[in-house]
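What follows is each chain in one-letter form.
2 protein chains.
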Amino acid sequence: MSKLVIVGTVAFDAIETPFGKTDKILGGAATYIGIAASQFNVDGAIVSIVGGDFPKEYLKMLEDNGMDISGLEVVEEGKTFFWSGKYHNDMNTRDTLITDLNVLADFQPHVPERYKNAEVVMLGNLHPLVQLSVIEQMDSPKLIVLDTMNFWMNSALEDLMKVIAKVDVVTINDEEARQLSGEYSLVKAAQKIMRMGPKNVVIKKGEHGALLFGDDDVFFAPAMPLREVFDPTGAGDTFAGGFTGYLAKTGDYSFDNMKNAVINGSALASFCVEKFGPDRLLELSTKDVYHRLRQFKSLTQFDIKLT
Amino acid sequence: MSKLVIVGTVAFDAIETPFGKTDKILGGAATYIGIAASQFNVDGAIVSIVGGDFPKEYLKMLEDNGMDISGLEVVEEGKTFFWSGKYHNDMNTRDTLITDLNVLADFQPHVPERYKNAEVVMLGNLHPLVQLSVIEQMDSPKLIVLDTMNFWMNSALEDLMKVIAKVDVVTINDEEARQLSGEYSLVKAAQKIMRMGPKNVVIKKGEHGALLFGDDDVFFAPAMPLREVFDPTGAGDTFAGGFTGYLAKTGDYSFDNMKNAVINGSALASFCVEKFGPDRLLELSTKDVYHRLRQFKSLTQFDIKLT
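Residue numbers (the working numbering), protein chains in the order written: chain F, -13 to 293; chain L, -13 to 293.
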């Protein structure tokens, strides 16, 4: 079992989907990553920042899920990062209605002393310089995974390229992979991104699954076909949490084991979208997860004899 | 080894993609289906119609690929069905420029006597009443597979529903499945289509792969991630030919074997898009196909221990 450092937002979200609408609920990349990774009972720490308005029971919930929160700074006089968005009918696109950075505007991440020797680092979507600062605080991690988005490509590309050069795995969605690489073909896009530094690229295609690329290898995990997608918020972060949580648990960073990690990430993400926010993730039993993993096997495994 | 009856267009296509442009080349649903099915050395027959302008060497090529063409009517004084289309830059959408029905307008299909006892029937995209006529000429096939498209939903829905009620498997693309069922969720759409009669539904998602649905079963085959998609024309028909060809070869119509059939269809379709028209399919060796099937295994198979 390796230690896992998670950096990312811990936030309030207000979400509107065709199925309903929430007030301010628990959200943020590091929240979803941490809750997903906790399925693997890893020794994880969340590095983030919240305001004095952040409920103590949320902090306790993260701790109850096995997350060290000594690197989760609480600025009593500040307000927690707030995001509000509305999904379109197809659930694949959304409009951002509000982004209040609040305490996140001055976030200086501090990795707790006890976690500087962690083997696995998950850099959730944040300003590339914040991600870079976390890398610099680590001793010598074996696997650094970076998530990012088009916002940073548009506003901080030079910094983003510096971070990308230092990480092992980039997770990114299909449109962002195309933007970052200037290639339409996802195969070419992944190859180009790997030439920027990373050994592996995961391209997330939402309801169309995820592709994992290595040197000459490629692996595909479908999204579980669901009768209803209720709220996609956090699915990508949940995927990242399942991916890095599984890798930290097993300590095996080979391509073959990354395949398993991608499936575990996809399985957890398929639960995430079933309810608003992280609610569904928080009620999962080991049995639920095993059942879903068996469904993934039956969804993808076939038996053609090749003699 | 079961016999396979294929009905569909045999045609001329003129295609424009971002990579180039063709004059009138060999095309048509039954052409792609037949060439794909011939990979399995099945005893197949093509039921279709062409004009006097259809080159004799194309007929010979179909025969050389093991297809019986005694049900492929040649109307000497008529002209062959002609379709012309132009693909957009994303290759997922296209404009139809020309559709000249020509001899197809009066097509009355005639299943050759020797093939009326075939076990497998592949009804390529055509007017539902033509598809119905083929069903009525058959003795008692074990598996009838239907391909169709939105054009018939808009212009001949009542006839289409009659055919759908009589077939075992429907293959259809995602947007068409949504239109036919009135459901956005593909899981719900497939369930609704199965309630119209078929035991199985295959939903084709182009570059995003294909879903096979049964009673309580679902299986997913990705499209092979390619550096370049050169010309998508015929990929869906090639999929159908690989699917039915494999099922006819094995004579096993169970859900588990349909999984293998879906993978074989996807493998052949992944070759089809590599060159204009059926050119790539025509040069395939058994070794090429096995190699691609091995790539599909490595693309999708994982090894999570579930104890």
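Since the hints were made in silico from the structure, they are not lab data. Where is the CB? At the ideal position from N, CA and C, for every residue including glycine. One or more of the hints may lead you astray.
In silico BS3-like links for lysine-lysine, alpha-carbon gap of 30 angstroms or less [as the list claims (entries may be wrong)]: (1) F:Lys174 with L:Lys283; (2) F:Lys174 with L:Lys(-11); (3) F:Lys128 with L:Lys72; (4) F:Lys128 with L:Lys148; (5) L:Lys7 with F:Lys283; (6) F:Lys178 with L:Lys174; (7) L:Lys148 with F:Lys174; (8) F:Lys283 with L:Lys148; (9) L:Lys102 with L:Lys72; (10) F:Lys235 with L:Lys46; (11) F:Lys261 with F:Lys291; (12) L:Lys261 with L:Lys273; (13) F:Lys178 with L:Lys65; (14) F:Lys291 with L:Lys65; (15) F:Lys7 with L:Lys72; (16) L:Lys65 with L:Lys128; (17) L:Lys72 with L:Lys191; (18) F:Lys185 with F:Lys174; (19) F:Lys178 with F:Lys261; (20) L:Lys128 with F:Lys261.
If the Cβ cut is set under 7 angstroms, some of the chain F residues that face chain L in the computed set are [stated by the list, open to error]: (21) Asn159; (22) Lys174; (23) Gly200; (24) Val204; (25) Phe206; (26) Leu268; (27) Leu270; (28) Ser271; (29) Thr272; (30) Val275; (31) Tyr276.
Hint check results:
1. F:Lys174 with L:Lys283: holds (21 angstroms)
2. F:Lys174 with L:Lys(-11): violated (42 angstroms)
3. F:Lys128 with L:Lys72: With Cα atoms ~49 angstroms apart, Lys128 of chain F and Lys72 of chain L exceed 30 angstroms; violated.
4. F:Lys128 with L:Lys148: violated (61 angstroms)
5. L:Lys7 with F:Lys283: violated (42 angstroms)
6. F:Lys178 with L:Lys174: violated (38 angstroms)
7. L:Lys148 with F:Lys174: violated (45 angstroms)
8. F:Lys283 with L:Lys148: violated (36 angstroms)
9. L:Lys102 with L:Lys72: violated (38 angstroms)
10. F:Lys235 with L:Lys46: violated (60 angstroms)
11. F:Lys261 with F:Lys291: violated (41 angstroms)
12. L:Lys261 with L:Lys273: This hinted pair holds, its Cα atoms lying about 19 angstroms apart.
13. F:Lys178 with L:Lys65: The hint is violated at about 48 angstroms.
14. F:Lys291 with L:Lys65: It is violated: about 44 angstroms lies between the C-alpha atoms, which goes past 30 angstroms.
15. F:Lys7 with L:Lys72: violated (42 angstroms)
16. L:Lys65 with L:Lys128: At roughly 35 angstroms apart (the allowed maximum being 30 angstroms), Lys128 of chain L and Lys65 of chain L break the hint.
17. L:Lys72 with L:Lys191: OK: Lys72 of chain L and Lys191 of chain L at ~19 angstroms, within 30 angstroms.
18. F:Lys185 with F:Lys174: Judged against 30 angstroms, a Cα distance of about 15 angstroms means the pair holds.
19. F:Lys178 with F:Lys261: violated (36 angstroms)
20. L:Lys128 with F:Lys261: Given pair Lys128 of chain L, Lys261 of chain F is violated - Cα atoms ~43 angstroms apart, limit 30 angstroms.
21. Asn159: Given a least distance of 14 angstroms, the restraint on Asn159 of chain F is violated.
22. Lys174: holds (6 angstroms)
23. Gly200: violated (11 angstroms)
24. Val204: holds (6 angstroms)
25. Phe206: holds (4 angstroms)
26. Leu268: Given a least distance of 23 angstroms, the restraint on Leu268 of chain F is violated.
27. Leu270: Since chain L brings no Cβ nearer than about 16 angstroms to Leu270 of chain F, farther than 7 angstroms, the hint is violated.
28. Ser271: Since chain L brings no Cβ nearer than about 15 angstroms to Ser271 of chain F, farther than 7 angstroms, the hint is violated.
29. Thr272: Violated, about 11 angstroms.
30. Val275: Nearest chain L Cβ about 10 angstroms off; hint violated.
31. Tyr276: holds (6 angstroms)
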